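All chains, please: the whole structure from these sequences, using the hints.
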Amino acid sequence: MRIYGREFTRIEIEKLVGNLNQIGGTKHFEYNSGRAKGVSAIDVNTGAGLEFTVILDRGFDIESCYYKGINLVYKTPNGITNPGFYDPYGLGWLHTFFGGLLTTCGLTYFGPPGRDGEEELGLHGRYSTIPAEKICDLSRWEGDEYIIELKGTVEECVLFGDKLKLTRTLKTTLGSRKFTINDTIENYGFKESPLTVLYHMNMGFPLLDKGAELCISSGKVEPYTEWAKKGLEEHKIFSEPISGFQEQNYLHTMKGDKTGCGYAAMINKNLMGGLGLYLKFRLDSLPYLSEWKMMGEKDYVVGLEPCNTKIENRADLRKNRRLPKIKPGETIETEIEVGILEGEEEINNFQKMVSDITG
Numbered sequence: 001m002r003i004y005g006r007e008f009t010r011i012e013i014e015k016l017v018g019n020l021n022q023i024g025g026t027k028h029f030e031y032n033s034g035r036a037k038g039v040s041a042i043d044v045n046t047g048a049g050l051e052f053t054v055i056l057d058r059g060f061d062i063e064s065c066y067y068k069g070i071n072l073v074y075k076t077p078n079g080i081t082n083p084g085f086y087d088p089y090g091l092g093w094l095h096t097f098f099g100g101l102l103t104t105c106g107l108t109y110f111g112p113p114g115r116d117g118e119e120e121l122g123l124h125g126r127y128s129t130i131p132a133e134k135i136c137d138l139s140r141w142e143g144d145e146y147i148i149e150l151k152g153t154v155e156e157c158v159l160f161g162d163k164l165k166l167t168r169t170l171k172t173t174l175g176s177r178k179f180t181i182n183d184t185i186e187n188y189g190f191k192e193s194p195l196t197v198l199y200h201m202n203m204g205f206p207l208l209d210k211g212a213e214l215c216i217s218s219g220k221v222e223p224y225t226e227w228a229k230k231g232l233e234e235h236k237i238f239s240e241p242i243s244g245f246q247e248q249n250y251l252h253t254m255k256g257d258k259t260g261c262g263y264a265a266m267i268n269k270n271l272m273g274g275l276g277l278y279l280k281f282r283l284d285s286l287p288y289l290s291e292w293k294m295m296g297e298k299d300y301v302v303g304l305e306p307c308n309t310k311i312e313n314r315a316d317l318r319k320n321r322r323l324p325k326i327k328p329g330e331t332i333e334t335e336i337e338v339g340i341l342e343g344e345e346e347i348n349n350f351q352k353m354v355s356d357i358t359g
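Per our numbering, the sequence shown starts with residue 1, numbered consecutively.
Simulated from the structure, these hints should not be mistaken for lab results. Keep in mind the model is a prediction, meaning the values are calculated, not measured. Hints should not be assumed to be uniformly reliable.
Claimed, not checked - Mimicking EDC-like on lysine to aspartate or glutamate, the simulated pairs with C-alpha atoms at most 20 Å apart in a straight line are: (1) K310 - E247; (2) K258 - D284; (3) K178 - E335; (4) K165 - E133; (5) K191 - E330; (6) K269 - E213; (7) K163 - E120; (8) K269 - E346; (9) K258 - E333; (10) K27 - E14; (11) K178 - E14.
Below you can see the structure in the form of structure tokens.
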């Protein structure tokens with residue numbers, strides 16, 4: 001294990017600490033006040049400055065994320081709310097949206113509210129308000145490496161309707177500045193089902209600030225609206241909060257490296273001598289990234305959102321033949337690596353890699 005700039009064996013670490021949580025690991029807890037009361041969560045600390053909080057009762061999603069005590073994500077005024085407060089109609093989803101590092105949208109619909117056949121669909125789907133089941137903390141020693149691994153299952157199902165199961169594994173090691181989100185989505189029903197999934201990952205102050213920039217291996221970028229089109233030339237650079245700003249959204253068709261992975265990072269060269277948060281994700285299952293640029297006062301956030309199709313109401317996706325589906329018994333796997341870029345050299349190397357991909 002490499003930690004604190006030194007190499008250690010397991011025996012050396014065990015001689016130095018009374019409890020491994022002295023340097024990192026996991027902590028299980030439950031919120032006991034306000035709208036978050038009763039929500040179960042797990043804090044993860046890699047011991048290398050990277051810390052994040054997994055919200056078990058909210059789809060095994062991730063709220064807080066810090067590096068060396070510096071916040072990296074946007075948190076909405078709602079904060080964490082118990083899933084019992086969820087309003088599935090219209091824009092009601094916004095009342096329980098906590099933002100954070102990851103809010104998963106889907107699994108059978110996302111995008112703006114509207115009607116699809118006999119179904120009235122609210123904003124961004126039900127997934128993020130479904131509690132996880134079969135939760136396992138599989139953290140363990142493997143030789144001289146301490147593996148931090150969490151696993152849980154979320155089922156989005158209904159009588160007479162779709163039956164999807166998502167099994168999520170979060171994995172890192174002590175001493176690491178990165179972790180992976182691996183999802184396996186299974187259709188355990190007996191009919192074909194829509195499958196729309198979007199990983200709503202929300203960058204916030206102080207990582208997001210005037211002068212911050214987006215570095216992305218995008219092959220093509222399309223504005224969603226005429227208003228977004230007006231800001232197309234500046235879609236990768238960010239200002240201070242602007243009074244009255246209206247959100248701008250862009251769909252990136254990603255280009256990948258030789259391993260089939262795409263990349264995106266929020267980079268702030270003025271923070272800590274240069275700091276960035278990057279995403280690396282498999283394009284076979286997540287070929288797009290939707291960028292949500294919101295430079296409003298208080299509502300100051302940039303969403304970097306790997307997804308498997310354009311963000312539209314499901315009826316429009318169906319009409320435009322862009323609605324992904326999953327067959328009975330089929331499984332689909334997604335994987336996202338989340339990591340830190342620190343200092344000029346790491347940032348420059350990342351930017352060069354992305355430039356080489358995009359040409």
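Verification of the supplied hints:
| no. | hint | verdict |
| --- | --- | --- |
| 1 | K310 - E247 | holds (17 Å) |
| 2 | K258 - D284 | holds (12 Å) |
| 3 | K178 - E335 | holds (13 Å) |
| 4 | K165 - E133 | holds (11 Å) |
| 5 | K191 - E330 | holds (11 Å) |
| 6 | K269 - E213 | holds (9 Å) |
| 7 | K163 - E120 | holds (18 Å) |
| 8 | K269 - E346 | holds (11 Å) |
| 9 | K258 - E333 | holds (19 Å) |
| 10 | K27 - E14 | holds (19 Å) |
| 11 | K178 - E14 | violated (23 Å) |
Violation of the numbered hints given earlier is confined to hint 11; every other hint is satisfied by the structure.
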